[in-house]
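S.K.: Chains A and B, in that order, give the protein sequences. 1 is the number of the first residue of the first sequence in the working numbering; add one for each residue after it. 1 is the number of the first residue of the second sequence in the working numbering; add one for each residue after it.
Hints should not be assumed to be uniformly reliable.
Pairs of lysine-lysine, BS3-like flavour, derived with a Cα cap of 25 Å [unchecked claim]:
hint: 1; chain 1: A; residue 1: K233; chain 2: B; residue 2: K84
hint: 2; chain 1: B; residue 1: K196; chain 2: A; residue 2: K233
hint: 3; chain 1: A; residue 1: K233; chain 2: B; residue 2: K78
hint: 4; chain 1: A; residue 1: K6; chain 2: A; residue 2: K287
hint: 5; chain 1: B; residue 1: K233; chain 2: A; residue 2: K196
hint: 6; chain 1: B; residue 1: K118; chain 2: A; residue 2: K132
hint: 7; chain 1: B; residue 1: K207; chain 2: A; residue 2: K233
Keep in mind the hints are simulated off the structure, nothing from the lab.
2 protein chains.
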Amino acid sequence: MTKKPKSIKTPPTNNELQQRLDNVRELMNEQKFDFYVCFDPVNIYYLTNFAFYVHERPFLLVIGKNGPLKMVVPLLEKAHVIDKAIADVEYYDYYEFPAPKGENWFDVYQSIFDENLKVGIESSMPIGIVNKTPGETIISDIVEETRIIKTDYEIGRITHACKIVNKGLKKVLKMCRPEVAEFAIFQECSSTMTSKIIQDIPDANFKATETMGAVWPPSISHEPHLVPGIFDKMEEAGPHVTIIQAQVDGYGVEVERTFFLGDVPEKAVEPFNVMFEAREMAYNMLKPGTIMSDIDSKVRQFIGEKGYGEYIIHRTGHGFGITGHEAPYIAEGYHRELKPNMVVSIEPGIYIPEIGGFRHSDTVLITNDGYVKLTKGPETLDEVTIEL
Amino acid sequence: MTKKPKSIKTPPTNNELQQRLDNVRELMNEQKFDFYVCFDPVNIYYLTNFAFYVHERPFLLVIGKNGPLKMVVPLLEKAHVIDKAIADVEYYDYYEFPAPKGENWFDVYQSIFDENLKVGIESSMPIGIVNKTPGETIISDIVEETRIIKTDYEIGRITHACKIVNKGLKKVLKMCRPEVAEFAIFQECSSTMTSKIIQDIPDANFKATETMGAVWPPSISHEPHLVPGIFDKMEEAGPHVTIIQAQVDGYGVEVERTFFLGDVPEKAVEPFNVMFEAREMAYNMLKPGTIMSDIDSKVRQFIGEKGYGEYIIHRTGHGFGITGHEAPYIAEGYHRELKPNMVVSIEPGIYIPEIGGFRHSDTVLITNDGYVKLTKGPETLDEVTIEL
Chain A
1 MTKKPKSIKT PPTNNELQQR LDNVRELMNE QKFDFYVCFD PVNIYYLTNF
51 AFYVHERPFL LVIGKNGPLK MVVPLLEKAH VIDKAIADVE YYDYYEFPAP
101 KGENWFDVYQ SIFDENLKVG IESSMPIGIV NKTPGETIIS DIVEETRIIK
151 TDYEIGRITH ACKIVNKGLK KVLKMCRPEV AEFAIFQECS STMTSKIIQD
201 IPDANFKATE TMGAVWPPSI SHEPHLVPGI FDKMEEAGPH VTIIQAQVDG
251 YGVEVERTFF LGDVPEKAVE PFNVMFEARE MAYNMLKPGT IMSDIDSKVR
301 QFIGEKGYGE YIIHRTGHGF GITGHEAPYI AEGYHRELKP NMVVSIEPGI
351 YIPEIGGFRH SDTVLITNDG YVKLTKGPET LDEVTIEL
Chain B
1 MTKKPKSIKT PPTNNELQQR LDNVRELMNE QKFDFYVCFD PVNIYYLTNF
51 AFYVHERPFL LVIGKNGPLK MVVPLLEKAH VIDKAIADVE YYDYYEFPAP
101 KGENWFDVYQ SIFDENLKVG IESSMPIGIV NKTPGETIIS DIVEETRIIK
151 TDYEIGRITH ACKIVNKGLK KVLKMCRPEV AEFAIFQECS STMTSKIIQD
201 IPDANFKATE TMGAVWPPSI SHEPHLVPGI FDKMEEAGPH VTIIQAQVDG
251 YGVEVERTFF LGDVPEKAVE PFNVMFEARE MAYNMLKPGT IMSDIDSKVR
301 QFIGEKGYGE YIIHRTGHGF GITGHEAPYI AEGYHRELKP NMVVSIEPGI
351 YIPEIGGFRH SDTVLITNDG YVKLTKGPET LDEVTIEL
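For reference, chain A alone in the conformation it holds in the complex (with noise of 0.2 Å):
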C-alpha cells in the first residue's frame, strides 16, 4: 500500500487557488461559457478561501474567461471578504438588501454582464438569483466536477484533517462506558478536536471548521441519521456506532466506528461479519479504473445473498473536499471511474432493528495503484471490543 501523504496546515496560495480557477476555466472553455457564476457558498470559498453563511444578502462570484473574479458582496461584509480571499478579486459591493431602487444587489450584479451572453451557473442557484441573471444560463456543475479531483495541497490539508478525527475516535474509545451520557462524549470529543485545531492552526478559519462526536448505543444505532438524546446513555455490549467528523480550517473528512462495551451479543456476531467482509471487498475493488456503481452494486448483492438485504439503507460511500459530503458518489446510481486524486468514504453499513447498526467509515485517498487510508482506529470484531 501507498504511504500516507504529509500533513499541511498552512492556507492556500496564490498559486494553488490559480490551478482551481485554470481547471474552471478550462471547462468554461470546452462548455463555451462568456461567464460562470456561483452561488453556493462551498464553491465560493474553493476559488477564494472565504467562507461565509448564506443569509437573505447574496455573495456572487462572477467569473470571466480571464481577469480577476468579480465578487458581488454586501457593503457590511466588503473588509471581511477582502480580509480573508486570497485571489485576485474585484469588488461589486452593494448597500443594503432590500435597498432603494437601482442600489439593489441585482442592479451591481447586472451591471456586470450584458444580455447576449452565454452564463453557465450552478443546479443548486436559487430560481430568484437565476431570473436576476442576464444572459442565457445553462446549468452546469462545472466548479464541484474540478473539485473532485483533490490537489496536492487539498491532499496534504485532508491528511491534517484525518489526524483531527483519529484523535478524536481514540478520545471517544477511551471515555465510552455503559451510563456515560451522549452529552460527556459530545463535549470531551469535540474539546479534544478543536484544541488539536487550534494548536496546529492558530488562525484556523471558523466559519469553516466545525467539529462533532457522538455514539449511536445499541438502542438506536440500527437508525443512524435519528440523532441521539444529550442525555442518552451508553449500554452494556453493543454495536454501538459512533460518528467522528471534523471540517478543518476548510477540510471535511469522518471516521466511523461500531463497538462493543465488554460483551458481543451473540446475534450482533454474524452482521458484524458480514459488514467486514463487505467492506473488505469494497477495498479490493479500490484502484483507478473501477466503475463506482460496480462496488455498490457488489457490496449490496453480497450482503443481500448473506441474507441482510433488506437493512441496507444507504450507498457504500461518498467523495470528501472542503465539504464532508461530496462528489464522487460510490453509489449504484453514479457510473463513473474511479481515478487517482479522489478521496472517498468506504463505509458499507446493515441496520438490523432490534440488534443494531454496523458500519465501519474512514476516509481513503485513491492512489495510482490503489488506496490509502487516512483515518485509523480499531478494526476487527476483537479489536472493537472494550474490556470493561
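For this one, chain A is given, so just place chain B on it according to the hints.
M.R.: Frame of chain A, contents of chain B only:
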C-alpha cells in the same frame, strides 16, 4: 410600555402547527395554487418541527390544498423525520443520491402531482429542483410571508430565547477586561448559554440550537462583520462591541452592546451619543402603522445631519423568528407597515475607522400600541462604561 410576554419552553402543539399551515393555505388559496413546495429547511422546520442540514439528498415538503403534508425524504433520514415531526405527514421516501434510473428523489417527487397544476415555490428553491417540479411553477414566498407575524406561542419561545442571550451578555460584560482573549470570551459565553438551554429544555433539538458570543475590540469594531481572531485580545477603553446571538431550540434572537473598559476616549463620545439618539428616534416610531423604510430613512437622515452619514454601513433592523435574520426589514428598501406581533432588531450603527464601531441591538416585540424590548442590558454611556 407593555409587559413582557411569558416565556415558553415546550415544543409546539399540533394545533400550533396546524394554525401555521392554515395561514399558508389561505395564501395558497388567494394565489390559486394547487400545491406549494418547500425546499428551504427553515420553512420545513416552521411547518413540521423537523430540523435538518441540507446535503446532496433533498428533502421536499409538498403542501396540497388539504389533507396531510407530503414529504419527500431520503430513506436514511425517514426515522429521524418521524421522530421529530409534529405535523401530520405522509412520507415519500427514496433510496439514495444518486440512485439507479427510476429510483431517484425526483421520480418519487414527480409521482405526487401532475403537469396540469399550478405550483407555488420559494425564490430560494435551487434551479435544479425547480426543473424537476411538475406543473406550472410560480415563485411566491408565502411561508416566509406567514412567518412575519408571530403567533403567541412563537412570542413565548422568542421571549425565552432572549433570556438566554441576556445571560450571555451579562457574562461577557462581567469577564471582559483588557488582555482577555477572544477565545475565552467565546467559550465562556457559549458555555453559559448552552448550559442554561439544557437546564431549561433538556431535549432541545441541537440541529436547531446554536450560540455565539464574541467581542470586537476597538481596533476592529469599525468593521462589524470582520471575524475577530481567537487569540485577539481585549483592549483598554473602547468602543468594544459585543454580539450575542442564539438560536434556542428553534428560535433566533440577539443582543448587542457597545461598551468601554475604563475610559471613554474623547473622540468616541459624540458618535456614541449620535448612535444613542438615532436609536431613540427609531424606538419612538416603533408602533403598528409605521412604514419600516421611514424609520430607516429618518435614522439615516439624522446621522447624516450630525456628520456621520458616510459611516453608516447597514440598515436599522431586521426580523427574528425561527432564524436570527429574516423579514421584515427596517430598511430604506422595505416599504411595509409595522404590525403587532412582529419581532425586530433596532440597531442603527456608526462605524468610524481609527475610532471604532457604535451599535446597540435588541430583540423587540411590536405590540398593539408600541413595543416591548425582550432583551436587556446596560444602555447609556454611563451604564456601558465598565470600571476597571
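S.K.: Indicate, hint by hint, whether the structure satisfies it.
M.R.: Results for each hint:
no. : hint               : in the structure
1   : K233/A with K84/B  : holds (20 Å)
2   : K196/B with K233/A : holds (21 Å)
3   : K233/A with K78/B  : holds (23 Å)
4   : K6/A with K287/A   : holds (21 Å)
5   : K233/B with K196/A : holds (21 Å)
6   : K118/B with K132/A : holds (22 Å)
7   : K207/B with K233/A : holds (19 Å)
Checked against the numbered hints given earlier, this structure breaks none of them.
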